[in-house]
Structures are given as C-alpha cells and as structure tokens.
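Residue-level listing of the chains:
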Amino acid sequence: MLFNSIPFIFFFLPITLIGYFWLCSHRMGIGARIWLVIASLFFYSYWNVSYLPLILVSMAFNFVVGTVLTNTHSAHKKLLLIFGILVNVLLLGYFKYTNFFIDNLNAIGGFAISAKNIALPLAISFFTFQQIAYLVDSYKGLTRGYNLLNYSLFVTFFPQLIAGPIVAHHETIPQFARIRNWVKNYRHLFFGIFLFLMGLFKKVIIADWFATFATMGFDTMQSLTVVQAWFVSLSYTVQIYFDFSGYCDMAMGLAKMFNIDLPINFNSPYKALNIQDFWRRWHITLSRFLRDYLYIPLGGNRRGYSRALANVFMVFLIGGLWHGAAWTFVIWGALHGLANVVWRLWRKTNLQMKKWLAWFITFNFVNIAWVFFRANSFADAKKVLMSMFDCGAVFGAPNLKAFGSGTSGALAVLIALIIGCLVLPNSVEIVKRVKITNKKSAFWWGCVLAVLAVAILVKMIVIPYSEFIYFNF
Amino acid sequence: MYYKNAFFDFIKIFCAIIVVMVAVIYVSDPFMIFHKKLWNKDKIYTDMRVQDYGLVKYMDFDNFILGSSMLENTSAYEANERLGGKWINLSFGGQRSYERFMVINWALQNHKINNVIVSLDDHSFNPRHIESTFEPKLYENDFDTKWKVYFKSNAMTCVFLGKHCRLEQTDVYNRPAAWINGEYYTRRFGGFDNWIKAEKDDGQIQDVFRMLLENNSHCDMANENYKQTIDTEIVPLFANTDTEFHVIIPPYSGLYWAYDFNNFDCRMRPYEYLIEQSQNYSNAHIYWLYDEGFVFDIDTYKDLTHHTDAINTLELDFIKNRSHVINVNNYKHKIQQFKNKVQKIDVKYYTDKIKEYYDKKGV
Numbered sequence: 001m002l003f004n005s006i007p008f009i010f011f012f013l014p015i016t017l018i019g020y021f022w023l024c025s026h027r028m029g030i031g032a033r034i035w036l037v038i039a040s041l042f043f044y045s046y047w048n049v050s051y052l053p054l055i056l057v058s059m060a061f062n063f064v065v066g067t068v069l070t071n072t073h074s075a076h077k078k079l080l081l082i083f084g085i086l087v088n089v090l091l092l093g094y095f096k097y098t099n100f101f102i103d104n105l106n107a108i109g110g111f112a113i114s115a116k117n118i119a120l121p122l123a124i125s126f127f128t129f130q131q132i133a134y135l136v137d138s139y140k141g142l143t144r145g146y147n148l149l150n151y152s153l154f155v156t157f158f159p160q161l162i163a164g165p166i167v168a169h170h171e172t173i174p175q176f177a178r179i180r181n182w183v184k185n186y187r188h189l190f191f192g193i194f195l196f197l198m199g200l201f202k203k204v205i206i207a208d209w210f211a212t213f214a215t216m217g218f219d220t221m222q223s224l225t226v227v228q229a230w231f232v233s234l235s236y237t238v239q240i241y242f243d244f245s246g247y248c249d250m251a252m253g254l255a256k257m258f259n260i261d262l263p264i265n266f267n268s269p270y271k272a273l274n275i276q277d278f279w280r281r282w283h284i285t286l287s288r289f290l291r292d293y294l295y296i297p298l299g300g301n302r303r304g305y306s307r308a309l310a311n312v313f314m315v316f317l318i319g320g321l322w323h324g325a326a327w328t329f330v331i332w333g334a335l336h337g338l339a340n341v342v343w344r345l346w347r348k349t350n351l352q353m354k355k356w357l358a359w360f361i362t363f364n365f366v367n368i369a370w371v372f373f374r375a376n377s378f379a380d381a382k383k384v385l386m387s388m389f390d391c392g393a394v395f396g397a398p399n400l401k402a403f404g405s406g407t408s409g410a411l412a413v414l415i416a417l418i419i420g421c422l423v424l425p426n427s428v429e430i431v432k433r434v435k436i437t438n439k440k441s442a443f444w445w446g447c448v449l450a451v452l453a454v455a456i457l458v459k460m461i462v463i464p465y466s467e468f469i470y471f472n473f
Numbered sequence: 001m002y003y004k005n006a007f008f009d010f011i012k013i014f015c016a017i018i019v020v021m022v023a024v025i026y027v028s029d030p031f032m033i034f035h036k037k038l039w040n041k042d043k044i045y046t047d048m049r050v051q052d053y054g055l056v057k058y059m060d061f062d063n064f065i066l067g068s069s070m071l072e073n074t075s076a077y078e079a080n081e082r083l084g085g086k087w088i089n090l091s092f093g094g095q096r097s098y099e100r101f102m103v104i105n106w107a108l109q110n111h112k113i114n115n116v117i118v119s120l121d122d123h124s125f126n127p128r129h130i131e132s133t134f135e136p137k138l139y140e141n142d143f144d145t146k147w148k149v150y151f152k153s154n155a156m157t158c159v160f161l162g163k164h165c166r167l168e169q170t171d172v173y174n175r176p177a178a179w180i181n182g183e184y185y186t187r188r189f190g191g192f193d194n195w196i197k198a199e200k201d202d203g204q205i206q207d208v209f210r211m212l213l214e215n216n217s218h219c220d221m222a223n224e225n226y227k228q229t230i231d232t233e234i235v236p237l238f239a240n241t242d243t244e245f246h247v248i249i250p251p252y253s254g255l256y257w258a259y260d261f262n263n264f265d266c267r268m269r270p271y272e273y274l275i276e277q278s279q280n281y282s283n284a285h286i287y288w289l290y291d292e293g294f295v296f297d298i299d300t301y302k303d304l305t306h307h308t309d310a311i312n313t314l315e316l317d318f319i320k321n322r323s324h325v326i327n328v329n330n331y332k333h334k335i336q337q338f339k340n341k342v343q344k345i346d347v348k349y350y351t352d353k354i355k356e357y358y359d360k361k362g363v
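The listed protein sequences derive, respectively, from chains P and B.
So for the first sequence, my numbering puts the first residue at 1; every next one is plus one.
So for the second sequence, my numbering puts the first residue at 1; every next one is plus one.
Be aware that one or more of the hints could be misleading.
List time: in silico DSSO-like cross-link candidates among lysine-lysine, alpha-carbon distance up to 30 Å [what the hints assert, rightly or not]:
1) P:Lys435 / B:Lys4
2) P:Lys459 / B:Lys36
3) B:Lys197 / B:Lys12
4) P:Lys184 / B:Lys4
5) B:Lys148 / P:Lys459
6) B:Lys37 / B:Lys112
7) B:Lys146 / B:Lys12
8) P:Lys432 / B:Lys4
The hints are simulated quantities; they were obtained by calculation from the structure and are not laboratory data.
Chain B on its own, in the form it takes in the complex (with noise of 0.2 Å):
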C-alpha cells in the first residue's frame, strides 16, 4: 500500500534535487559558462583551458595572449602600454595545438579581433590529444558540454562548497594564470645552484635532473606529423587577414638545445616548416630569440625552458618594434647561427655538477 507513496516520493525528491542543482549550477555559474558573474567577480578559475570559454564570451577585449606556460606571465596591461588596444591574457600551461585553435576561433567568432599573440612550443606540434580538462565541444557551444563541465567531479564541490577548485581571486585581463610570483617556482631563478638547492622538495627539478643525466630523450617530430598539425591548426588561423598573429618561438635555455644536441635539427623541424608555410601571410609575424644572449645565461631560467617574465616583456618590446623577425630569408642563417652557438655549450660542467651533489646526498 504505501509503495504508491515510495514510488512518487523517489520521484517528487529525485526531480526536487535536479531541478535545485541544475538552479544553484545555473545562478552560481563561478566558471562563467552561461552567464557573466552575478557575485565574486574579481575571482576566476584559474583552469584556463574551461575559463577561457567564459572569458572570452562575456569580457571586453579586442586583443589577446594566448600562449603556454611561457606566455603565462605576459602582462596584458604591459601590452595595453606598449602595443594599444585592449588586451587579455588567456594563455595556460602544456597547450597543444588543438586547443588554441579552437580557443582562437572561438575568440574570433566573439570579438573583432586586431592582434593575436602566441607561443609555440615544440611538443604543442603532436597532433596527439592530451587528457586534460580542456572540452573541445565547450567551444562549439555545444548545450552538454556546457553541463557536463560542472559534473566533473570537482566542480560540484566547487559550485556547492566553494572549495577543491581553482576558483581565485586575481586580476582577470592582467595575466590570471601567472606562475611567476609563486615562491616554489621563482626560488630557482639566479643560477644552477638555486637548482641544485630545490632539488630535494621539487618533482620538476628532478625530472630536468634525470634528463640531463640520462640523456635518452626522443625527437618526435621525425615521422612529420607536425605538418599535420601546421598545415592544419596555425597556418589556416592566418587566413583572417584582419587580425595580426605574432607567433614566438619561445626561447628556451641554451642548455635545453645543447643536452640533447642530436636532435637540434630534428627539433628545429617543425618551426622551418611553419615559416616556409606562413610566408605568404603577411599578417603572421613569426619572432625569434634565440640571437639574444640571455639564452645562454642560466640564471634566467628556473629550468630548462622556462624564463623569467623580464623576457616576456621584451618578447613585447620587439613585437611592438617589430624586429626578432625570422621569416624565409633568414631563417637557414640565424638557426645556423644558434646551432654553433649551442654546440659550445659545456653540457658536462651541469651534469659533474648535478654527479657531484647526487654523491654528496649520497644517492
């Protein structure tokens, strides 16, 4: 008799809490996927590869940043002074090719865009899909993507309990996914021995460690797949002629080309490819600076590849001057130039030194 009353219960309560949580996702929105924020609006998500979907949608911007960890720290306000315009930073860390792509055209679709600036590293060529939060469907405004991306496991805590995500309070257009002013990563800049000296609580430091010790690292560039991924994913980007793209190659240390010196050619690849492929567009502006000495200066890089953000600032400086230019005329020459350089690079004095601390600790 009373299953009747079980049964509508089970169904009143189950629709109850749908309708709530689908409400509380709704007006809540802390990812701003629906609407702009209603409250805490000096606070983003700082998982870039969702909020940007957000961020391009309800900001007001007319240029953007949108490169990997090496574009992280580049100021927006920085670029207002020297380029004009108004600008925003949406770059995150480990991006593929894929990925800015779809956060391109999705910034495009929204906004008259007048200038573009990214970062290409050399694994963002892999055409291979990562797994990360990043939702390609988000950016085709697909309706279940939208709700699923508050379904991921933290983002209910997070919508429900404020806590488990990366919901922060920063400046939203300056540079919200900066790593420069976290001590665990700026404590490393000034030397090798700041490295040496993180290396017993940093993951990240060992890991550069043991790739300079072993030196067994691959080039994967070699069955061509780059070409897929240019052909496909950067060079149709500059098909829009009303926007300029300032491409950087971004400069890792000297010490990155030199440990693993037989694959510098192999590595290079991608970016002579690119090149060849973009002189024809005469908005793609494709920088390079690796002429520059800072490149050979260790005391810029907390690791292998990645700089302090004086150098984001002047990676600004020249592409308001437009100079760093590499483009089919030159570029045999400056990598050349580059290579002999690297190729004086005393990889050993790094790994005796990195020996030498192992036999201290005793490992």
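The shape of chain P in the complex, shown without the other chains (with noise of 0.2 Å):
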C-alpha cells in the first residue's frame, strides 16, 4: 500500500488511528501495539502477501539473537553476533544481489547461468539495516528489557517500513511504551495531517511532474540538445528531492499522528556547501547507519588519515550498491566517495571558498551524479551526460516542445524550485513556526489544510498513483 494512495488514505489510515486511539483510551496499551503491528503487516502485505513470511521470520530472528546476544556473557558472543549478522547479509544479498551476481560472472567468466527469478521483496533494504543495528547494539547490552511487542512494533511501524527513516530501537521503543503517548493528542494530529499533506503535496504535485521529463529524456529520446539535457538532469534532481522529501514529511507526519517522533531524515540538502555537508542533509539516518555501523568498525580517522579516506570512500561504494544492485549505483557510490575524499583534502589546506561558488560546485556535482542513479543503462548517462556538455551544440535551439505543450511553464517552475530549495525553510521547520492560538487562526489553518487536500485529491483522482523512488532499494 502507497501513502500516496486512496485506499491508504480514506480507509487503511483512519481505521487504524481510530482503532488504536480507542483501545489506548480503554487502557488497552497492549491491545493497541498489537493492533498497530497486525495493521503494519497489513499495510506491509498489501502489495504481495507472500514477503509477509520473510518479514516474520527475519524479525523473530533476530529477536531471539538480540536476546541472546543481550542475556549471554559467554565467550561466543562476538560469533553469534557475527553469524547473525551474516544471515541478514545473506538474506538481502540473495534477495538483492544473486541476479547481479550471475550477470557479472557471465560477463566475466563467459559463462551461461541463467537469471534466478527472484522478486525483491519490499522494504528488504530497510528492515535489514536497523535490525543489523538492533544487534550490534544488543551485543554492547544497549536493547535491555525489549519485549517482543515493542519489537516486532519497532521493525514493523508503517509509517518508516517501507521505505525509512532507518530508525534507531532507542529512538522508537521508549516512545511506544510511554503511556503519555497513548492518549490522543490534538496537536500532534494536526501536526502529522500538516506534514503529511505538505509531503503528498511534494510528490503527487511536484515530483510525479517532472517525472514525466526525466522519463522522457532517459529512457524514450534518442538524442538531447544541451538544452534539454540539462532540462532533463535538473528535472530528476528536482523528482527524486521532491519525491524523498515528500516520503519522508509523509512518514514523520504519519507517525506524528500517533505520538511517535521519528528522527528527522532530510534537511533541506540542496543548501550543502559541500559534499559531507550534503551527507549530513540528505538521508541522514543512512549516512548515521554507514558511519555507525562501517565506517566506525572499519576504523573511521583512527587509523590514520589515508586510511580514513580509504574507509570514506569504501563506506560510498558499500552505500552506492546499497541503493540499487546495478554497476551506475556503484559508480554513482564512487563518485560520492571521491568527492568526500577530495573534500576532506580540501579541507586540509585551509584555504577559503566563496559560499556561493561552493554552493555551486556541490549543487552542480550532485546533479551530474544523479545522472548515474537515474539511468537505467550506461548508454543512457553517456547520452544525457554527452548532451549535457555538448559545447558544440550549444547554440543549438533548446526545442524543449519535444517535452510536450507546458514545459516552458516546467522550465521556469523547475527554476523556481531550485532557488525555493535553497532560500526557504524546509517542512519540518514551516511546521515548527505554525502556532494556534485563536479559534480564527484554528480556522483559517484548517481552511489551508483542506483546500491543501482537495487540491491533492483531484491531481490523485486524474493520475493513477506512482511509487517513491527509495520504494526500489
């Protein structure tokens, strides 16, 4: 089920909501966990009941090792931390990478094995890592005094299973056991309904717009103008923030509704004046997950410095294939490591870059490496990037009507957008300045809200739903 869907938002959300508030007001905490758990595994195998199994089988797992792991002082602690975490490597290498395996060890070796037909379950890439990360932190005692409930609550909660934030078991667990969360809050129902219409906003009106383009200009045309190159590159950079900020409003929001605060995945990355910068905006609980998780064990900075730049892009690479198994995701993942390298080079040298040119240059690096993720095929970036730094056809006419009849209205919104990331606040802020203190001020937000949804609910009635981009890794 998408959040960006009918059946999600007039029936799947308000039963659940209704139905947990109503058993927490009938001091039934435990009932209502349970509820929220079967609704998340609903909502999880609304799309294809037959993942369900693996996610219930990953998660009992890894429980039962987590609670090992906890309980056991015995010298074979670091081996059943190791086992455990090889069996969630292994489950999501086989689920993700067997196929691109066979492919390169055809290509290599000129060998004929023939493609597993092997479906990627969803969410697979999401529901790993922080169990990873459950175990690691149960092996250094952190996950005392978790029950299976709270758990199970903790891996499954709808609102960040499919597709993040990768959530930290300290950041939830607490907060679905404090019973001061189990009463309806007005505030934070208006709130989660605030962000989560200003992310649907996001990507049913923005980001499923300039899909189109980008589709248009990466897997339809044969040849780009300049023009439309960068017209094409810009509109994807513009697609994929809009689409992943959108997600993410819409999951913080949706759990908003229920008391829960999930930790903030996305902070206006366009504005980074640099690469780590970027990092430090752009999928934060991923880059916290890598850092924690690899670059710390790897050794991160204490083992000198050309080894932290060896450990910074190989944490890149590990992220890049991490998105997607295909060899554009690893370039796309090297590109990002080379560029932390040459930055903390930089760095070093002290010397001073005018914020505006270094804007530029992380603005621009960042747009051309989406060119990598975006591409279904080497031979479509090589044409979309060739086209882009075609100087001789840069006087060429732009012919941007081969996009369809409104793509001047596009290009100048394209444009406005671009300067909107950079110069206005983000969701999460917008939503910190709003304070009702009036019934006409309760009004008029209300009135803001709902001609908000209406506007959302014609475009989604017109457009059948897409999914998020991040729904693929």
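Both chains are sitting in their own frames, so use the hints and assemble them into the complex.
Below you can see the structure in the form of structure tokens.
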C-alpha cells in the first residue's frame, strides 16, 4: 500500500488511527500495540502477501539473536553477533544481488548461467539495516528490557517500514512504551496531517510532474540537445528531492499522528555547501547507519589519514551498491566517495571558498552524479551526460517542445523550485513556525489544510498513484 | 488547546468542499455522464471521445455515423432523408480502432441499431493506443472513470467557470464535430495555390509541404499488426447481424497515394485483408470511392486527405444505392486500376511549386 493512494488515505489510515486510540482510551495499551503491528503487517502484505513470511521470520530471528546477545556473557558472544549479521547480509544479498552476481559472472567468465526468478521483497534493505543495528547494540548491551511486541512494532511500524527513516531502537521503542503517548493528542494530529499533506503535495504535484520529463529524457528520447539534457537532469534532481523529502514528510507526519517522533531524515540538502554537508542533510539516517556500523568498525579516522580516506570511499561505494544492484549505482557511490575524499583533502589546505561558489560546485556535482543514479544503463547515462556537455551544440535550438506543450512553464517552475529549495525553510521548519493561538487562526489553518487536501485529491484522482523512488531500494 | 478546533475545522471544511464539488458536478454534468442535460440543452462538449458516452446513453437514435475526421462533416439530417431512420453523427478525428470498437459496442448495448457508417483510415489499423482524452473504462460504465473525467485539468474550470472546455452550441444530432464551417480549413479548398497561400500561418500545410518535399514516410503495415486490429476490433463487430455496417475506405487525394507511391501496396494491405475477412458477413458493406474522378482533383481537398462535404453527401448516396461496393470478387482489379492512375500523377509539379514558393519566401 502506498501513502499516496486512495485506499491508504481514506480507509487504512483512519481505521488504524481510530482503532489504535480507541484501544488506548480503554486502557488497552498492549492491545493497541498489537493492533498497530497487525495493521502494519497488513500494510506491508497488501502489496504482495508472499513477502509476509520473510519479514516475520527475519523479525523472529533477530529478536531471538538480540535477546541472547543481551543476556549472554559467553566467549562465543562475538561469534553469535557475526552469525546474526551474516544471516541478515546473506538474506539481503540473496534477494537483492543474486542476479547482479550472475550477470557479472556470465560477463567475466563467459558462463551462461540463467538469471533466477527472484523478486525483491519490499523494504528488505531498510528492515535489514535496522535489525543489523539492533544486533550490534544488543551485543553492546544497549537493548535490555525490550519485549517482542515493542520490538515488532519497532521493525514494522508502517510509517517507516517501507522506505525509512532507518530508525534506531532507542528512538522509537521507548516512545511506544510511554503511557503519555497513548493519549490522543490533537496538536500532534494536526501537525501530523499538516506534514503528511505537505509531503503528499511534494510527491503528487511536484515529483510526479517532473518524473515525466526525466523519464522522457532518460528512457524514451534517442538524443538530446544541451538545453534538453540539462532540463532532463535537473528535472530528475528536482524529482528525487521532492519524492524523497515528500516521503520523509509523510512518514514523519503519520508517526506524529500516533504521537511518535521519527528522526529527521531530510534537512534541505540542496542548501549544502560541500559534499559532506550534503550527506548530513540527505537521507540522514542512512548516513548515520553507515557511519556507526560501517565507517567506525572499519577503523574510522583512528588508523591514520590515508586509511580514513580509504574508509570514506569504501563506505560510499557500499552505500551506492545498497541503493541498487547495478554498476550505475556503484559509479554513483564511487563518485560521492571520491567527492568526499577530495573535500577532506581540500579542507586540509585551509583554503577558503566563496559560499556561492561552494554551493554551485556542490549542487552541480550532485546533479551530475544523479545521472548515474537515474539511468537504467551506462548508455542512457552517457547519452544525457554527453549531451549536457556537448559544447558544439550549445547554441542549438533549445526545443523543449519535444517534452510536451507545457514545458516552458515547467522550466520556469523548475528554476523557481531550485531557488525555493535554496532559500525557503523546509517542511519541518515550517511546521515548527505554525502557532495556533485562537479559534480564528484554528479556522484559517483548517481552511489551508482542507484546500491543500482537495487540490491533492483532485490530482490523485486524475493520475494514478506512482511509487516512491526509494521503494526500489 | 485550539489544535482540536483546527483539526475538526479541517475535517469539516474538507468534507464540505468535497460534498459541494460532487454535488455541483453531478447536477450540472455538462458532459452528460450521469444524466440528461438539465439546462444548456443545445450545448454539448465537442470532444466527442468523451461526449459520445452521454450522447449514446441519453439521445434517441437508431442509426449512427462514427468515422474519423473524414466523416465529421457527414450530415445526420441528410442521412435521415436519404437512408431513413433517426441518425446521429458521433465521429471524432484521429480515431483509432479500439476507440471505434468501444463506442460501437456501447451504442449497441444501449440501442437497437439498424445502420452504422464508419470510415477506416490507414492509421487507425495501428493497435497501439494513443495519448488522447478517450477513456476506455468510461465505455465500460466504470464508476471511478465517470468522476475521473471531471477531475481532468480543464474539466473543473469547465464545470465551475464555464471556461476552457469545448462546450459549444451545436446541433447535437447533425454533425457536432464538423470542421467544414471553420474558415481556417475551408480557405484551402479550391486548388493547390490556396494551400500555398495558407502556408504562412498553417501548421497542417507546413507539415504537408515537408512530407511532399522530404518524401521519407514509412509504412508501418509491414509488421502485419493490422491483422490483429482487424481480427479483434473490426470483424467481430459484424457478428451483430441485426445491424448493417457500412465501411467507407476514406477517399484520400490521389496525390496522397502518389507522393508515397513506393508504399502503395503496403498501405493497401489492411484493406485487402479486411475485404477478405469480411466476405462471409452479409451485413458488412465496404465502399471504394477511388474510381471517382474527384480523387484526382486537388480542388476538392484542403490537404492530402480531407475532402469537401460534398463527398460526404456522395457517400450517403452510394450507401443508399449500394453502389461502389468493393468485395473479394473485384478488389484486386479496382486496386490495380487505381494504382495505374496514381502512377501517372506528376508529384514533381507540386514539389516544384512548393520549392518555388519557398525560394520566393527566402526559406
């Protein structure tokens, strides 16, 4: 089930919310949490029920291993941790990378092994990382006192189940257990709806619109002029920004309705002045996971400067591969790894750069790197990149009409959105600024949200819902 | 404290807006999706791809015309006079086979139909669905799609502001989508010089000139996709044996066939296949107008394919008299005869005129 679908908004969400708070209001906290787990599993399996056993087995396995790790002091504790992590990684590897491995084996070794018919289970990348983190923290003794119910909710809680944020156990499990959070809170409900609608607007109105131009440029058109190529790459840059930030807003908003605060996952990344800053703002919880559970265990910066640089590069390379089983993702990860290394080297020189230039370089690097992220093949990436830098055609006709009749408007909106991303506050900052102090302001805010909701609904009826980009990972 | 008010205000206002929107759309229903028109009865939405749903459901007729732009000018009133019965013209331009198939089925479900006149352009044999306002599910009476039609961008401004939609005052039965009265088109009839005069501000003619000069068109019948279209979306209609189907092979100009002479046989293939496949249906009548002289008179055409409405009248006469029927016994001869005539057309005469015009214009 998708957040941007009619069944979710008008049936699943209200029923789940009402059921949860009804049980809470009747002092059935455990029942309420069971209800939320069942609802979340329904939400998960609505897509494809065959994935349900996988998540249940994965959850049971990790809870048992985590509990043993917490309670044991035996010498084999570390072995058990390695075993637990290995099972998770193998599971992810099997479902996500088997065919990638076979393709490469065939290409390198000249074999003719046929690809396996393996469908990628929804959210596997996310719940696997979340549970690996849980095992490591269990090993460190940081997960004491969690029961199966709260653990299940930590893994399956539907606002964050499909595409993150990758939450840490200590961020949500105590919140589920806190009695104060079992009481219906209209302030949270209001802000939750506000965030959810802002996210939905970003996804349905903006991201899906620019997706059409990106799809045409990357997948359909055989050749592009310079202007077309930049229009296509920037369209994708805008699409992925509003798609993912829209998703994050919706996830945070939904959790807020249940009185749960999810960690901020997206903090105006296109305002970043360097690539490190970008990764502190984009998919923050993934960066945090990779830092805590990969970069630091690899040695971090404790084993010398060169090793630290190598570690950074390695982390981004793996991060790239995590996003998808394709060499284009590896290249994307390598580019970001390289950029981070260059940034660290630059920082060491103590040279200063004008802010506007730092932003310009960072934004354009991110935009160019997204080409590899989006392209279905190297040929597509090459087509777009070569066209972007085809100096011979700089003065050629822009010919944006090829994208449809409303493209000149789209170009103006594209520029406005990029400027908006740069100068305007993000959704979380906007919500923080809203204060409702009397009935009049309550009425006007009710009007704003209602009009926003109707506009989105109209768009949703006309155009069938589309998946979020991060659902593929 | 006031957040509770804001929350409930949001719910109330949202519900109120939705209820008002739904009520206004349902009651006004300018596209006749839900019921007969309550007011503005002489105005219909001339995007026939959508409007045909309501016209079929709520108008009274027992015969209909459903062609492409080639039949948009056919008068239903003339059909009443010449062929008898109560006719309506449901034609729309650029029609694809699947669109025609669904509308005909929809009409057959809702009325007892005696006669149907259709035109089969060569592009309509392509089974690929095109991007258009046509909603296949609307003709399956799908509840969601009925509403979806009204939530498309221009429809809302049409409902609430009466703007940005093709809601036009017209004779609903006669030929609501006729283009023959538009000065933009009619100025081009009367000869090739009129095409040249129109070129400066006429995209259609600019395209025609480009086609004639470049002459690099290709025939997509080679992959035999047309067989699928004919087998699934045309011939099955003839199984409705209580209905007579009059299929007009649109009489494009001889110049159309001549400029692309290399693809002549290829473009004729679907027609040949259709004739063969329909030979066992006595209610299917296919009309061939290419043995008429007007086909070689460019004065009759505003571009390579579209003729004056006098030809539409002529077609009705042929249907009345059952003349100009093409069938398995005569099609090879008729097509060869036409091919021989086309071969004699001097395309260079026209391309030279275009080049001369562009030279003068300095292009």
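Now the hints, each set against the structure:
1. The hinted pair formed by Lys435 (chain P) and Lys4 (chain B) meets the criterion: a straight-line CA distance of about 13 Å does not exceed 30 Å.
2. Taking the CA atoms of Lys459 (chain P) and Lys36 (chain B), the gap is about 27 Å. The hint holds against a cut of 30 Å.
3. For a cut-off of 30 Å, the pair hint linking Lys197 (chain B) to Lys12 (chain B) is broken: about 61 Å separates their Cα positions.
4. With a CA separation close to 10 Å, the supplied pair Lys184 (chain P) and Lys4 (chain B) stays within the 30 Å bound.
5. As the CA atoms of Lys148 (chain B) and Lys459 (chain P) are separated by approximately 10 Å, the hinted pair is consistent with the 30 Å bound.
6. As the CA atoms of Lys37 (chain B) and Lys112 (chain B) are separated by approximately 23 Å, the hinted pair is consistent with the 30 Å bound.
7. A threshold of 30 Å between alpha carbons decides the hint, and for Lys146 (chain B) with Lys12 (chain B) the separation of about 26 Å falls inside it, so the pair holds.
8. Restraint check for Lys432 (chain P) and Lys4 (chain B): the C-alpha separation of about 17 Å stays at or below 30 Å, so the hint holds.
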